[in-house]
Amino acid sequence: MSRPFASVQAFLDAQEAGPRGTVEALRAVMSKAGPALTEGIKWNSPSYALDGRDCITLSVRPGKPVLVVFHTGTEVREDTKGAPVLQDSTGLLSWRSDIRATAEFVDSAAVNEKAADVAWIVRAWSKIVNQ
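Residue 48 in the numbering used here is what sits at position 48 of the sequence shown, and the numbering runs on without skipping anything.
Hints are not guaranteed to be accurate.
[What the hints assert, rightly or not] Below, computed lysine to aspartate or glutamate pairings styled on EDC-like, alpha-carbon distance capped at 20 Å:
#	residue 1	residue 2
1	Lys64	Glu16
2	Lys127	Glu39
3	Lys81	Asp98
4	Lys32	Asp117
[Said to hold, decoys possible] Pair by pair, the computed Cβ-Cβ distance ranges are:
#	residue 1	residue 2	range
5	Lys81	Ser7	34 to 42 Å
6	Thr90	Gln131	18 to 26 Å
7	Lys64	Thr90	32 to 40 Å
8	Gly73	Ser31	18 to 26 Å
9	Ala109	Gly82	14 to 22 Å
10	Pro4	Ala116	17 to 25 Å
11	Thr74	Pro4	24 to 32 Å
12	Glu24	Lys127	36 to 44 Å
13	Arg123	Lys42	14 to 22 Å
14	Ala109	Gly73	28 to 36 Å
15	Arg53	Pro4	18 to 26 Å
16	Gln15	Lys81	18 to 26 Å
17	Pro62	Ala83	33 to 41 Å
18	Gly63	Ala36	32 to 40 Å
No wet-lab data here; the hints were simulated from the structure.
Heads up, the beta-carbon is just placed ideally off N, CA and C, and yes, glycines get one too.
Using the sequences provided together with the hints, build the complete structure.
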């Protein structure tokens with residue numbers, strides 16, 4: 001297991017240029033779309049919380065696209081066969097359960113191309129988490 005990162009900056013400093021650029025592009029979208037979100041390290045990855053409730057985590061794996069995991073934290077029980085809590089008109093989300101979905105990005109250009117859609121998802125997800 002890799003050493004735990006003390007901060008998002010330490011996480012970024014440990015990344016190769018490609019994934020780092022993708023994460024930085026995602027962070028820019030998150031900060032504009034979700035100003036109430038708090039950024040930190042959770043599960044050894046950049047994560048976002050709303051009012052102390054974890055709700056978005058970035059997953060960076062060597063040689064793979066960066067995953068944005070939209071979830072509702074650990075307090076809510078998920079149903080892997082349940083209907084998604086968000087109607088995604090963007091087509092970016094792959095649902096893992098009723099309350100957990102992922103979007104993947106191969107590089108910062110892909111993030112920038114879909115920035116408006118990602119921002120819409122972040123705002124919609126924040127409303128779901130805040131219910």
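Evaluated hints:
1. Taking the CA atoms of Lys64 and Glu16, the gap is about 12 Å. The hint holds against a cut of 20 Å.
2. A distance of roughly 17 Å separates the Cα atoms of Lys127 and Glu39; the hinted pair therefore holds under the 20 Å criterion.
3. Between the alpha carbons of Lys81 and Asp98 the distance comes to roughly 7 Å, so the proposed pair stays at or under 20 Å and holds.
4. Between the alpha carbons of Lys32 and Asp117 the distance comes to roughly 13 Å, so the proposed pair stays at or under 20 Å and holds.
5. Checked against the hint of 34 to 42 Å, the pair Lys81 and Ser7 passes, with Cβ atoms roughly 38 Å apart.
6. The hinted window of 18 to 26 Å between Thr90 and Gln131 holds, with their beta carbons roughly 21 Å apart.
7. A beta carbon spacing of about 21 Å between Lys64 and Thr90 contradicts the range 32 to 40 Å that was offered as a hint.
8. Distance hint check: the CB atoms of Gly73 and Ser31 are about 20 Å apart, consistent with the given range 18 to 26 Å.
9. For the hinted restraint 14 to 22 Å between Ala109 and Gly82, the CB-CB distance of approximately 34 Å leaves it violated.
10. In this structure, Pro4 and Ala116 break the distance hint of 17 to 25 Å, their C-beta atoms being roughly 34 Å apart.
11. Range check, Thr74 to Pro4: Cβ separation about 18 Å, and the 24 to 32 Å hint is violated.
12. Hint check: Glu24 to Lys127, Cβ distance near 26 Å, so the stated range 36 to 44 Å is violated.
13. The hinted range of 14 to 22 Å is satisfied by Arg123 and Lys42, whose Cβ atoms lie roughly 21 Å apart.
14. Restraint check, Ala109 to Gly73: a C-beta distance of roughly 31 Å satisfies the suggested window 28 to 36 Å.
15. At about 21 Å, the CB distance of Arg53 to Pro4 agrees with the hint of 18 to 26 Å.
16. The supplied range of 18 to 26 Å is broken by Gln15 and Lys81, whose beta-carbon atoms lie about 35 Å from each other.
17. A hinted range of 33 to 41 Å for the beta carbons of Pro62 and Ala83 is consistent with their spacing of about 34 Å.
18. About 34 Å separates the C-beta atoms of Gly63 and Ala36, a value consistent with the hinted range of 32 to 40 Å.
Hint check: violations occur at hints 7, 9, 10, 11, 12 and 16; the rest are consistent with the structure.
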